[in-house]
Structure formats: C-alpha cells, structure tokens
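Going line by line, the protein sequences match chains A and B. If you read the first sequence in the UniProt record's numbering, its first letter stands for residue 1, the second for the next number, and so on. If you read the second sequence in the UniProt record's numbering, its first letter stands for residue 1, the second for the next number, and so on.
Among the hints, erroneous ones may be present.
Intra- or inter-copy, both count: the list cannot distinguish identical chains.
Restricting the straight-line Cα-Cα distance to at most 30 Å, the calculated cross-link-like pairs of lysine-lysine (DSBU-like) are [unchecked claim]: (1) 86 to 168; (2) 381 to 86; (3) 320 to 198; (4) 381 to 131; (5) 307 to 383; (6) 37 to 80; (7) 223 to 198; (8) 383 to 76; (9) 383 to 284; (10) 168 to 152; (11) 58 to 223; (12) 381 to 80; (13) 381 to 89; (14) 198 to 383; (15) 198 to 152; (16) 76 to 37; (17) 198 to 168; (18) 365 to 224; (19) 89 to 369; (20) 257 to 381; (21) 58 to 307; (22) 257 to 198.
Honestly, the hints are just simulated from the structure, not real lab data.
Protein chains: 2
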Amino acid sequence: MKIMILGIDGYIGWALGLRLIANGHDVIGVDNFYTRKAVREVGSDSALPLPSMETRIKEAKKVFGKEIQFYNLDIKNFAKISELIKRYKPDAIVDFAEQRSAPYSMVDAEHAIYTMHNNIEGTINVLYAIKQFSPDTHLVKMGTMGEYGTPKFDIPESAFVNTSINGKEDLITVPKWGGSWYHWSKVHDTNDILFANKIWGITATDIMQGPVYGTRTKEIVNKKLFTRLDFDGVWGTVINRYCVEAILGMPLTPYGKGGQTRAFLSLEDSVESLKRLIENPPNKGEYRVVNQFTEIYTVMELANEVKAIAEKLGINAEIKPIENPRVEAEQHYYNPERNVLPKLGILKPSRTLPDEVYAILSDLKNYRKRLEKYRDVLMPKVKWRD
Amino acid sequence: MKIMILGIDGYIGWALGLRLIANGHDVIGVDNFYTRKAVREVGSDSALPLPSMETRIKEAKKVFGKEIQFYNLDIKNFAKISELIKRYKPDAIVDFAEQRSAPYSMVDAEHAIYTMHNNIEGTINVLYAIKQFSPDTHLVKMGTMGEYGTPKFDIPESAFVNTSINGKEDLITVPKWGGSWYHWSKVHDTNDILFANKIWGITATDIMQGPVYGTRTKEIVNKKLFTRLDFDGVWGTVINRYCVEAILGMPLTPYGKGGQTRAFLSLEDSVESLKRLIENPPNKGEYRVVNQFTEIYTVMELANEVKAIAEKLGINAEIKPIENPRVEAEQHYYNPERNVLPKLGILKPSRTLPDEVYAILSDLKNYRKRLEKYRDVLMPKVKWRD
Chain A
1 MKIMILGIDG YIGWALGLRL IANGHDVIGV DNFYTRKAVR EVGSDSALPL PSMETRIKEA
61 KKVFGKEIQF YNLDIKNFAK ISELIKRYKP DAIVDFAEQR SAPYSMVDAE HAIYTMHNNI
121 EGTINVLYAI KQFSPDTHLV KMGTMGEYGT PKFDIPESAF VNTSINGKED LITVPKWGGS
181 WYHWSKVHDT NDILFANKIW GITATDIMQG PVYGTRTKEI VNKKLFTRLD FDGVWGTVIN
241 RYCVEAILGM PLTPYGKGGQ TRAFLSLEDS VESLKRLIEN PPNKGEYRVV NQFTEIYTVM
301 ELANEVKAIA EKLGINAEIK PIENPRVEAE QHYYNPERNV LPKLGILKPS RTLPDEVYAI
361 LSDLKNYRKR LEKYRDVLMP KVKWRD
Chain B
1 MKIMILGIDG YIGWALGLRL IANGHDVIGV DNFYTRKAVR EVGSDSALPL PSMETRIKEA
61 KKVFGKEIQF YNLDIKNFAK ISELIKRYKP DAIVDFAEQR SAPYSMVDAE HAIYTMHNNI
121 EGTINVLYAI KQFSPDTHLV KMGTMGEYGT PKFDIPESAF VNTSINGKED LITVPKWGGS
181 WYHWSKVHDT NDILFANKIW GITATDIMQG PVYGTRTKEI VNKKLFTRLD FDGVWGTVIN
241 RYCVEAILGM PLTPYGKGGQ TRAFLSLEDS VESLKRLIEN PPNKGEYRVV NQFTEIYTVM
301 ELANEVKAIA EKLGINAEIK PIENPRVEAE QHYYNPERNV LPKLGILKPS RTLPDEVYAI
361 LSDLKNYRKR LEKYRDVLMP KVKWRD
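Construct all of the structure, not just a fragment, from the sequences and the given hints.
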C-alpha cells in the first residue's frame, strides 16, 4: 500500500514508517520538525540521541531495502499539502502532525492558540485535501484516550452511543471532557472528522490512543534508526519519564495521589496496531473509532513497576509523589471498551510491562551522561491553575 | 456598568451598544470591520445603508448624550486585546467578534480555516486576557442554538445534564451536533469556555441564541443609527431574507421540505435579553447557559407569515421551496428549555411576529431600488456536499 505519514519525525511516526517499509509498503513522510524545536524551547531534548531525517532514511534503506520519500512541509499550508495528496493519492494518510503535549498547550495564551491553530486547522486542511483530490484515501487520525476524560460510564468504542436524557432516548456522540487545551483540540478534531464523514463520506479511523512507552520496535535495531524519547515535564509521558528519573537517581514522581488510571501500550504494540488498522481499513465512507491500548494501570502502580525493574539493574529508586500540576481526578472509575484491535489480533501486550521497562532502562543506561544535563527539566513547571 | 462589546459593528453588536448607552452604561466598542468586507466578498451589502462607525457614534452621542469609545482592533491580536481589557477592566465583555455565517464557513478549506481560526482563537485570547488582567469580568459570549442540532431529547438550558449510558449514570456536557464548520466552531468555543470556567473560575454567560430578525430597536430611531441587515444567501438569516425576497417580488424560498424548526427572536428582544443578562450576572465563578429565543417556528410557517403580511402592504408573494443546500433534518422534534430569560422578565415577544415583519417590510420598502442590485445574491450558492 501507499501510505503517507504526516508527522513522520515524531516518536510514533518514525517507528511506524519503519514498520511499514519493513512490510513492503511505500511510505511518503511529511514533517516540519516543529517538535524538535519545541522540545529545545523547554530546555530539553530526546533522551536517545536523534539522528537527522536524512541519516535515518539512508540507514532504513540500507536495512530494509526501501526508501522513504520525505517532504519538509507544514500541513497548515493547504496549497502544499493538498498538492502532495493530489500527487500521491495514498491509500492511507496517517495524521500525527499535531502539537501533542498537554503542558505545552497550557503554558500561556500563545501556546494554547498555537495548539488549536496547528491541530484543528491541520486536520481541516487534510480533510479538504482528501475530499477534493483523493476521496478514496483512508484517513488514520491520531487522537487520544484523554478525549474521554474519566467518565463514570464504560467508554464505548464508537462515534455514537444510545442514551436517555430526561426520559427521552437519543443517539449522541460519545461524551468527551478534555483536561487541557491540547486534549480539547483533539476533541474538536474528532467532531470535525465525524462531521466531514457525515457530509462528504470521508473514510476515517479515529484512534483514541493511551500513553505510549518504550524505546524499541522490531525495526529499531541500531542507533541510526532511533526514534525520539521525551521525558521532560512538558513533553514526556509517565513511564518514559519514570525511567529517566530512575536512571538519574532521582525519585519517581507520580502527580498527586497517583490514582489516575490510564490505558497504556508499548511503542511496538502501537505501531503494530497502526499497521493492522491501515491494512484493514473500514468500509468506504465509514467512520471507525479505535480505543488503542493494551493495559490499564494507575500512575502509582507504574511507579512501583519501574522501581521494581530498576532494582534488578542495581538502581535504587524511591517513589515521591509531588503536587499535581494538572486539574484532574486522582481516584476514579475507568473502563474503556476494546473490540476493534482484538479482532485484528492485538489481544494482549506483545511483551510484559516489566520486560519492556527493562529494555527502556537498558537503552537509557548508555546515555546517562547525556541525560545528566537535563535534570532540571523533569519536574513540571506548567501549572493548570496558574 | 462598564461594558466592552467585541464586534460592535455587527447586527446585534451595534443595537446592543445603543441599548446600553441609552440606559446609562459606559460602552467600549471593538471591531475590525471584517463582516463589512466579507459581505462585499460575496457581492452583497447590508439591506439598509450602513453609516460609518464615526457617523453612528456621533449621532448616538447626540441622541443619547453618551459617547461610545471605539477601537478598530482584531481580537486575534492577544497583545492588543489584553492591553485594552487590562486598561478598562470592564464589568462585562460581550463577545460577538466571530465569523457568524454557516454558508461562509462551508465555501472551501480557506473559509473553514478562517472560521475556526477567528472564532476559536479569538475566544481563547479573551479568556486568557480576562484571567490575567481582569478576573472579575463577566464574559457574555454569543453562541447559537445551532450548537445543539436537532436532538430527540428536550434541550436543557445548562452546561451539564444527567444521563444513563449502557446502564451507568453520569453527568455529561449537553450533547451537541454542529451543522457546519461555523456551528462546530461555536461548539468548540462552548467547550473551551466551560474548561476555562472549571480551571480558572471565569464567570461566563454562554448564550445559545436562535436566528434574529428585525430592523429596529427602541433606540434605532433614524437612519444614522441603523444597524446592518443581511439578506443574501451567505449572510442572511431566514426571516430577513424572506422579507427582502418579498420586497423584490421574488418567491419566498424555504430550503427543502421547510419543516426545519428553529427558535427565533426579534432584534429588540435580543438586545433587551442581553441587557438584562449583563445587568444580572451569574455568581462569581459560575458558568451560565442561556437558551435565548422567544418563539419557535418552522421555516415554512415563517414563509406563510411573511407572505400574509406582505399582502397587507400590497405585495403578492408566492412560496417556492428550493433544493436544500445544507445537510440537515427537514422534519424533526424540537423542544428547547427556556428558564433563565423568563426569570429576568423576558416572557414573550415584545411585539408579535406579524407586527415585527410589517416593520421590517416598511423599512425595506424605502430601499427597494438599492436592493434591486442584489437580486443575484439571494439564492444559496454554497452547497454542503460540494
């Protein structure tokens, strides 16, 4: 298949590019390198040294025998992105080209605006480009499990759900509650894609993905093929951040009570899920929601897991909860449905959490000196109520 | 009170400015005159000749003895709008400064993007400016009854509603379904304001208003005080458009079956409702939803009303439904709650629909020659599925 990846320089974007060429697909990659700049903006960098796109593409060709076509391009530019979509008419467009940090979106008005501007308008450009120039393209859009918030009902894996409101039944869009401007931008995206599906019949898979962890996939076999790994208070997600804290001999820092329950999956399982969703598209004109995760943990359970694995590597990590910078429930019900991926054979994690964490720590150990420089950027500085 | 009106050059913005100064309030007005340009862009203009802002402010001072402070400013400029809010610290900010046409938002990618860009980012700028520089300010934000779509349940007048999803009870945000990019931008605004209320305690009245009709309020006593009246296929709303069709001897043109049921109110009742909502703010830190309308009609019923009143003025108008350019239900349930405004004394229309339509037609009759130029812009050219 011919697959265009928007945001191919990102954590999952690059790993997916490798998975797809390794399986014989043609990949067209697009990125404007914004994340590289924005991570430097907060004084941080990828934990694993990140090769240039050129180096990575060359190495990927050497290892997998296929060359990724790359375009340095901002999807906010409708003329350019629609020209590219018109030229390639890909079977699928995977859209990761969004500002993906909740704390970054909460810094100030400018960062909130940037997030809305980039995410919402990028998505609308892609929707229009597909409609006008490549109506058979399957849009695979990366959203987040965070769009749902933490409701008291079981989170359905569908666009609509039956409900009863003051005694009257109706089919409504699955209720959402974003916990940051970033999360709301994703909720807005979901609404916009669903609307485009209804009026134009755009074929779409809208992925609600949990936080991803890990440094490796089957294809990331050497450091010239590394994907980025963020760990700082703005760009890092919880497991990856804990692992860097352990490596640096810092305490592991759950936010608040640590009862925040989330749905997780490894990088390996994320790219394999994406590959199967691309290879098995919904029917033409269908809008498919996928709750993409393999396991559910509280952030405190994860701290305990990382602590235990670190010990095996001779690292003594303590757990020290810190004040929660976010506005979120710290003890709550959480039960998302999971049907689509199991039907595609993604039944459980391909590796246990302890094994995966062991692999992350083993990779990070080699870069301890590099990480020392970034001690100051691990603690959250962006506070939701400030 | 000191009240800032964002979008004071608009249909309701100007009429509200007059109502407020006539009642002794201080008014600071802001506009970037975008609507004047955008209406010309589709080859149309206000049905009633629109004086310059300068002329209107001078005349308003002569008639009401108070001068409106005016700033030509784009609220997308955070530095400028926050400086102004910081300087005045108004008791209330009324935000009309949005792209307000559904068809305009559906023209193409550029117009969709402009709508999202202007509406969502303008609102976020205002939220941040209030939070940082004037936290006691009451935000009065203009939304639309169109945010709800046409659900099978009775539309609650609240932010949240109790529901049962697959057997589990929860409080969810009132379900929404936008019928255009414009409508979705307003839904996104509502989510964003509600989120700002929850994390920062912004005091807000979020108004879901039905389509407004009419040329006059108590204060619009001469043509130097006219507010704009749009009637074309892009910028006009249904009653005002029917009235211009009648004046031009054209058939009245409901879209499709004409069973689309909407909640309406006159310009006079809109500005009086707004005045009372401003003078009676919610508690500090409260988010108040108002379903702002006085009557409910189908668009076919309205065509019949306009036809009947036109006859009294010697105009023989026929009704000729045209193909619906939109994607919307043409026969549906519609029952919105209405509690807030009745408690503030807005119990029913201050004038009957026939009297109000008679007044519109009487005003428009004087501008028949002016309207002849715009015959070609009445029919809808923007089609939702195109």
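The hints, checked one at a time:
1. 86 to 168: neither (46 Å within a copy, 46 Å between copies)
2. 381 to 86: between (43 Å within a copy, 26 Å between copies)
3. 320 to 198: So residue 320 and residue 198 pass the 30 Å test across copies only (28 Å; inside, 48 Å).
4. 381 to 131: between (42 Å within a copy, 19 Å between copies)
5. 307 to 383: within (26 Å within a copy, 59 Å between copies)
6. 37 to 80: Both: 21 Å inside a copy, 27 Å across copies.
7. 223 to 198: neither (44 Å within a copy, 45 Å between copies)
8. 383 to 76: both (29 Å within a copy, 24 Å between copies)
9. 383 to 284: Between copies only: 22 Å across, 43 Å inside.
10. 168 to 152: both (20 Å within a copy, 7 Å between copies)
11. 58 to 223: Answer is within: at 13 Å inside a copy they meet the 30 Å cutoff, but 71 Å across does not.
12. 381 to 80: Intra 37 Å, inter 27 Å, cutoff 30 Å: inter-copy only.
13. 381 to 89: For residue 381 and residue 89, the Cα distance is within 30 Å only across copies (29 Å; inside one copy 43 Å).
14. 198 to 383: For residue 198 and residue 383, only the inter-copy Cα distance (14 Å) is at most 30 Å; the intra-copy one is 38 Å.
15. 198 to 152: For residue 198 and residue 152, both the intra-copy (28 Å) and inter-copy (18 Å) Cα distances are at most 30 Å.
16. 76 to 37: both (17 Å within a copy, 24 Å between copies)
17. 198 to 168: both (24 Å within a copy, 28 Å between copies)
18. 365 to 224: within (18 Å within a copy, 76 Å between copies)
19. 89 to 369: neither (45 Å within a copy, 51 Å between copies)
20. 257 to 381: within (18 Å within a copy, 57 Å between copies)
21. 58 to 307: neither (38 Å within a copy, 72 Å between copies)
22. 257 to 198: between (42 Å within a copy, 20 Å between copies)
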